[in-house]
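Chains as they are written, first to last, in my numbering: chain G, 11 to 152; chain D, 11 to 152.
Treat the hints as calculated values from the structure; they're not laboratory data.
Computed from a predicted structure; not experimentally measured.
Incorrect hints may have been included.
For identical chains, the list gives no copy identity; a pair is met inside one copy or between any two copies.
[Stated by the list, open to error] The list that follows gives simulated cross-link-like pairs (lysine to any residue, SDA-like), each with its CA atoms no further than 25 angstroms apart: (1) K69 <-> A145; (2) K69 <-> L45; (3) K69 <-> R91.
Protein chains: 2
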Amino acid sequence: MQLDSSGLQVLSTEECFALLSSAPIGRIVFTDRALPAVQPVNFYLDGRSVVIRTSPGSKLAAATRHAVVAFEADEFDTELRTGWSVTAVGQARAVTDPAELDRLARLPLMSWAPGDRDHYIVVDAEQISGRRIVATRPGGAA
Amino acid sequence: MQLDSSGLQVLSTEECFALLSSAPIGRIVFTDRALPAVQPVNFYLDGRSVVIRTSPGSKLAAATRHAVVAFEADEFDTELRTGWSVTAVGQARAVTDPAELDRLARLPLMSWAPGDRDHYIVVDAEQISGRRIVATRPGGAA
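Bound conformation, chain G alone (with noise of 0.2 angstroms):
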């Protein structure tokens, strides 16, 4: 198990894949304004790349067109204090090709929110990479 500075597990790319597609919910991390910004979205993972449906006119469209941005997912026991979470890093693209996106709206794809959710946004996963937080032992090394 290989542990990074501070002590957390590294997990590898396929780890980080394989969890990312299991997350209902993450969150695309961007600029807005010269200002760090970040918003919850449901997805798709279609290989190595995050969809998410969007409405045309969206601060997020908006703000992602040929921004990169990152993407994370994470998921944490309260309880256990144990949990992990994948960051991937990739350009963002609004989709414009009418056969991508008449594939994309055959993806078990449906926004939460309500409104016009025909815009989508594909960010090809250039980075992956993933902690996990294991349970720390007693008389460890906390």
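Position chain D relative to chain G; hints supplied.
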């Protein structure tokens, strides 16, 4: 009930702080070598300030020094497709004042990760905003 352009309920400042104080885990959003970065942390809400414990040499400690960061917490019910998220934005600062360090060390804030965690980062929330997804009514705009 005030709705935003995406049909989400806009939360008041008081609701935002109340929900934030109820969350065991949040995510600090910052810039790491010009790329968007995000890290889940446990935290304590001290008035309108988010208090985080980390190690002095951590990437988080280095990257958030004098930086404007976002801090996000959320909770979603995947069955009902409802939930909320709150994001605070403010300047992060490393605590160096001995009296403040002494006070923070007495807060009920234990880091989940192992190792030396005697470095405190405080994010004074200068802006806070939050949204709630309420269940979509059948026949609604979705």
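Using 25 angstroms as the alpha carbon limit, work out where K69 and L45 are close: within a copy, between copies, both or neither. both (13 angstroms within a copy, 20 angstroms between copies)
K69 and R91: within-copy, between-copy, both or neither at 25 angstroms Cα: Between copies, since 21 angstroms is at most 25 angstroms while 35 angstroms is not.
Up to 25 angstroms between alpha-carbons, please classify K69 paired with A145: within, between, both or neither. This pair counts as between: shortest inter-copy Cα distance 22 angstroms, intra-copy 39 angstroms.
Violated hints are absent here; each numbered hint is respected by the structure.
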